[in-house]
Amino acid sequence: MIPAKFDYIKASSVSEAIGLLDKHGDEAKLLSGGHSLIPAMKLRLSRPEVLIDISGISGMNSITEDGDEIVVGANCTHADIVNSDLINSDLNILASTAKHIGDIQVRNRGTIGGSLAHADPAADYPAVVLACDAKIEVEGKGGTRSIPATEFFLGIFTTALTEDEIITAIRFPKVANGNYQKFFQSASRFAVVGVAAVKEGDSVKVGVTGVSGTPYRATAVEEAYSGSSDAADHAVEGIDDLMSDHFADEEYRAHLAKVMVKKALEA
Amino acid sequence: METFIGKPIKRREDNRFLKGAGKYTDDIKLMGMTHSAFVRSPYAHAKILSVDTSEAEKAEGVVAVYTGSDACGTFGVPCGWQVDFKNGETMREPLHPLLAKDKILHVGEAVAIVIAETLELARDAAELVDVKYEALPAVTCPKKAMEAGAPKVHDQWDDNAAFDWCIGNDRAEVEAALENAHHVTEMTYKNHRLAPNAIEPRSYISDYDVNADKWTLYTSTQNPHLIRLLLCAFVLGIPEHKVRVLSYDVGGGFGSKIYHYTEEALLTWVSKEIGRPVKWTSDRTEAFLTDAHGRDHIVHSKMGFDKDGKIVAHLTDEYCAMGAYLSTFAPAVPTYLHGTLFQGVYTTPLIHLNVIAPFTHTVAVDAYRGAGRPEATYLLERIISKAAKEMNIDPAEIRYKNFIPPFNGTSEPGYQTQVALQYDSGNYEGVLKRGLEMLGYEDFRKEQAEARKNGKLLGVGISTYIEGCGIAPSAVVGSLGARAGLYEVGHVRVQPTGKVSVFTGAHSHGQGHETVFAQFVADKLGIPMDDVDIVHGDTDQVAFGMGTYGSRSLAVGGSAIIKSIEKVLEKGAKIAAHKLEAAEEDLEYAEGKWTVKGTDKSISFGDVSLTAYVPHDYPEGVEPGLDFSSFYDPTNFTYPFGTHIAVVEVCPDTGKVDLQRFVACDDVGNVMNPMIVDGQIHGGVVQGVGQALLEEVIYDGEGQMVTGSYMDYAMPRADDVPNIETDRTTTPCPHNPLGVKGAGEAGAIGSTPAVVNAVVDALSHLGVTDIQMPVTPRRVWKAMQN
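First to last, the protein sequences are chains A and B.
The numbering of the first sequence is the numbering used here, which starts it at 1 and goes up by one.
The numbering of the second sequence is the numbering used here, which starts it at 1 and goes up by one.
Pulled out of the complex, with its shape left as it was, chain B reads as follows:
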């Protein structure tokens, strides 16, 4: 019988995507639907002196105009994670209004919404809204935001800090160890701000049905149930059962579509006010200005070593921008998703991280592919490579010296870090060994030495990362400030004919769940993949769910489905035993049928399911039907890891970096579909390379975004990256039924420091020890001049 797990099955969803037949929110047109346009602030920080909507209201086709002075102005979107000050003070949490009323806190903040019969008329009328501002000085740098006299983002607090937090060992103890260290490597740099750039911009339609007193919200979100919960219970006070949230096809998220945005809530409010559906789709400029950004940390770090190159202590201080308001998961990103990974793959005995998270006059910063872990990995992998150079140790060798030894998490215990987490299983030297082998490391070093003699600047960079996925369990994240649980729901409905509908709270916005989930469901039930359908993105069909981010879908969502499959098979066995007139314990289930052990007596899955729905000849005390839902709350995070190695050549005349090779050996636990895992790694690597070489959001001193279009914000293109060479080792996750760890973010986490390490390596003989990302030709050339 054909099995599917572990095979490179082509993606079912691509049938519609490749034909342009996907169903994205902006594709949906409802009867009587209106369109909207926002009036947005051109200032980063300003008083709103007046808003005159009279001309706009009179304009052709205008249905309504609302401002912060209307009822919607009293609502605000909440933050979903509370991180308090280390001194016990509560996190500072400003109201994030749906429309600004008195004050503007970032460029692009919405002041008014215009509803009209067509999008063109809405845009035209929006220009007629006359807003008078008084511009105020702005601060966009998180470090400057904490300087005395910096412009304040929120007047009600003494300074701009949202919180000041730390994790790890006692600071004094870490400082003392650094004092006594044989060698201390120090780095100061910025992990710069990135725009998420999903190819589909955010899009929402709210449709209020006056007769049913119910809303349907079509939204491009990564987590429809979470949006419904926040919208209903925390923003508008609507009973949750009155709202159906639908997110059909979503064109990428990378984190930016996790959050509950003001536009989503405002449209829901507007739809009831006007009694008609209303649509808004962001354009690319609005996306740059209003989608939550990623990164933006200013880092100062010290790592101490003994004379053999073993790490003795690590101390880091960071300023991490929050933006003007706290986005849904923003406080968790530079703290519990970041500081908890400071152990890396090393046995560092003493670690301390302090994070000051200031408000800035910019759009919010929140999770962006990797969320805190790329920032942790960049720091660890750059500083250990810098230390290797300073101590004249090979960068591979210094890693081998410091690796946590292999452990499987079953017969050997997990690894307890200094920063709260316990790693599940790992073999860090294994991936480095394989990565170096794939590259041909020793031969490369010879080639590099030869090339240098001829004036060619070749470099190699290594990154040995670990990350944390499937963040859990709920009780633990709750104790860390999460205001939501992080379980998942998996519902398996066996139809009378034995066909299977699976309802998952995970959400696919490019990942390929419809294929991968069907693969393991088919195998576990011993039925063809074609008999399995995956349903997601509909709060009326799926009981509940926390959505997809943090590479959690398979590890958490998949496990919930497995729980329901187990229940199906358990009940099916009772029915089969009855039909076969055998004892349950004498049955075995394989290849889609229950067989009485040692006989040829068997009954198929389809016959059992039909019996369950036509229960004429049926076991006593067993309910009809074959339909189970399960909640799965994991016992721990999962910890994928890997080695990424980049080879670059730097043009000595222009400073342009040519990425010549990229080798990735990842360990994501068991693999359901290697083609999809490769695709996830490729995409992640390209995003990580984008950060290293090209992408950067720049705000000027007045808080204007300099890089608000693709003319100025450089995205990686096909010719910016070489063929990505991938391989894997497999260290199963010991605590979930599929043994999977997650692959969605690994590429973006491991790759960035590999590329920058390679550039610095290429220039090291010229005395270059560090270059600020993105390592653009200008920056590289200037580094070469000094």
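With the rest of the complex left out, here is chain A:
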């Protein structure tokens, strides 16, 4: 459990970090909470030559209200999110999701930006950012842009971020009626299936994680929904890359997806 040798640079601003990313290219990795990266490095599955620590960059760990939106800094830890009054009152779905990530130690170190950039297909946040129609705010050499969550996840550990881009914040609309339902993997306590549902009147937006290599919006469910949870039967419609492991093969995972979507629709 000892990583291969690496250099460590602590960045003090986003622009400095972008410059360092640009300079070191493939050899560099951004370090925020480090709760996925460091274990992988200790197993020598990941061996970056340079770690650019962005955890100390000021202004990236605030949670602020901006009109009808809430802007969550990328360096906010899961614990920051769990403990934010603003999130608990106006974006409760996010706080209740963060509460079930890892354990106390993980929640105190792991960050929302790090989790999204890592794009673990069993992570919890992707379902929520999808269901909320959140926007991932990023900054790179070419300036800033805002990536809709629905365009952010491209595959297992793959996102729309370019090599020199850093997530700076996540912009959520306020959500009055949303919930996240998680079926825990018994060893890692990641999600075997995680479903976020945001309801507004007769319509619903449903984000699903853990089922496919790419977290997705269950549009078939959303289209079939008219207040009844029967729409859950469409949970895996159009998904052709169901994940499979010894906890859940494809058949069971598809079933669980329907069960958890149903729970989320009924909650």
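Some hints here could point you the wrong way.
Said to hold, decoys possible - Sample of chain A residues with no beta-carbon within 12 Å of chain B, all distances over it, derived:
hint	residue
1	I38
2	P48
3	G59
4	N88
5	F157
6	Y216
7	E222
Unchecked claim - Computed list of lysine-lysine pairs in DSSO-like fashion (alpha-carbon distance at most 30 Å, straight line):
hint	chain 1	residue 1	chain 2	residue 2
8	B	K782	B	K656
9	A	K174	A	K263
10	A	K199	B	K656
11	B	K58	A	K42
12	B	K47	A	K42
13	A	K5	B	K132
Hint data in this document are derived by calculation from the structure and do not stem from the laboratory.
Note that beta-carbon positions come from the ideal geometry of N, C-alpha and C, so glycine has one too.
Following the hints, complete the assembly by docking chain B onto the known chain A.
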């Protein structure tokens, strides 16, 4: 005067453990100590084509690199138990080399060791060792390993069997009884493979002192003397008096730290080669890949009943994996620690078990908490519950029908089983009655019926186990193939001031010996507990010992200490009689003093011990000093038993099992410290629940371990188990002085089938009759679909 036996005295050792002040092997740093890293095979079965260490040798901080081509490659670790084929052929026993030279037989097998100034440099350099392999097909399933054309683990034999063994009545007789039985219940399943997962990974430091020509081996072992014996006499050929083995604090073992591992012997060899101390501590990945695993039996069983539900015969065939090499006690586990418990608590008149034990391209399988008895209990308790369902008899009732009646082993004889053993004492209906009472069984059945009407899936599972602890006597285990005796040493040194140091060959790695042993020593001598110190884990201080496993510490180790206490008191009485000018037979010993009966003339234990060491006014012909050592070789095993009952609710949508209640009524004989016994039961139950619901080592078809980390191997956590409700009955062991039976493994032995029986019970109205362990949500949901 304050007494201690039977009281929930808090554990003395927790003072240091709770402060993080324990002294574990990896905490020890010696002057000039080097560090090591292993190069391990990524293949399960491969030819080693070449090993190039030249780059590693040149790397920064590297002291030495060794491979199987060096002298250490000629040594191998031995197996400590020989189980021959039933046809008389000798057990097949391959060399288990310290480093693989030509062939790899499991993932994680060591090919080279790199010694460097720091652990970081050792790890970096290990990556520079260039090994060329030619991958070969592997077999990991013990049944498939016996199929024609299966990849061979060891080329020198015709097939993969290490042995093919049987026990019990004549097979034809058992088969005939099954033919004629009113009802036969049949089961085929896998008692799956588990990783032991001690919280402290294995850790060793070997320190060769060139001037003294002596080694000190610091090791995380359950039995330091056994390690010294194997290391010296059977591996490296070092004179035993040249090696001191120290195992200070050890963070759990569960069996996995009984065995003499290759790394331990290799480090001892390396330390002399480099003339410096060398340390190795396993990381968690290495622990999954190289610690001996548990279980891995494939079972086919038939149990026959008469029309009243009485068992008439039981026939079982098993394939039990040995792994690539024979670990220290591996052959004993699926045989003499397993087949000998097939009587269970029932009067079954005819029993036959056949065990084929194949080599597989996996790490070795050996004893893991319960060692063979959990596997026997799982079979008996599942199949009798399955039979009850098939015959429409209540699962408690079918057990009552078949129980061996109560016997105390003193005025009533022990119970002779069909499978070699004679049980010491038992009251099996007593623990079931109490367990059902604790649960409120009848009320539960009503609640269950109501719940079913509302679509809730509630189930109850019963397990009435027996196990064998303190395995003995030496002559008997020797005749069964053990290559060691199974006695224990207890040495009581009374210091001149009357304070007492007790040296025990038993070893505590979580059990609490420092407290429990002091409790009974203080009571037997009538002195305060604070006056008693327990020393273990040091071959220079303790004369000899066989260590701790098989719940033997108190029954065997405690008895040895009692023998020495008796010698102390016998000699003390001579000194006291002299000082009191009385005849020995006129003295009585109580509350720490000898008193002349019927008078107030007395002398204290402390005064007698001082006299023994300052023998001015002293009886003639008596040696000075008060210091006795004893070897105790038990006359029989001890046989704890109990009833475990689980209540589960199964989620109809997801198949997830919620363990709602767990009731354990155990009988472990006399109890020295009820708090520690409860703790042992709790820990054991959680491990047993882990097997039932969560834990499983999975190797894929190529012999890669799929579950080599805590991301994939599910350990039970606090929220996976309910409050464990415990109670006890007490049936003393008739053949040891404390009347104790052992409590370390009972929890893991009784609990697993209770949980699975409960899950099957919850789903029985849906036609479910069995589910393969671990009963994960996926498996339960699939069973519900069929």
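To see whether the hints hold, each was checked on the structure:
For I38(A), the shortest C-beta to C-beta distance to chain B comes to about 14 Å, beyond the 12 Å cut-off, and the non-interface label holds. Its beta-carbon lying about 16 Å from the closest one in chain B, P48(A) satisfies the requirement of being farther than 12 Å from that chain. At roughly 34 Å, the least C-beta separation between G59(A) and chain B is larger than 12 Å, which holds for a residue marked as non-interface. At the 12 Å boundary, the C-beta of N88(A) stays outside the reach of chain B, the nearest C-beta of that chain being 23 Å off.
Every CB of chain B lies more than 12 Å from the CB of F157(A), the least distance being 15 Å, so the non-interface label holds. Every C-beta of chain B lies more than 12 Å from that of Y216(A), the closest at about 21 Å, which supports listing it as non-interface. The claim that E222(A) lies off the interface holds: its Cβ sits roughly 22 Å from the closest Cβ of chain B, which is beyond the 12 Å cut-off. About 11 Å separates the Cα atoms of K782(B) and K656(B), which keeps this hinted pair within 30 Å; it holds.
Taken as a hint, the K174(A) and K263(A) pair is honoured in the structure, with Cα atoms around 22 Å apart against an allowance of 30 Å. Using a Cα cut-off of 30 Å, the hinted pair K199(A) and K656(B) holds, with the two alpha carbons roughly 28 Å apart. Restraint check: the Cα-Cα separation between K58(B) and K42(A) comes to about 24 Å, which is no more than 30 Å; the hinted pair holds. The suggested pairing of K47(B) with K42(A) holds, with an alpha-carbon distance near 29 Å, which does not exceed 30 Å.
Restraint check: the Cα-Cα separation between K5(A) and K132(B) comes to about 25 Å, which is no more than 30 Å; the hinted pair holds.
Hint compliance for this structure: no hint is broken.
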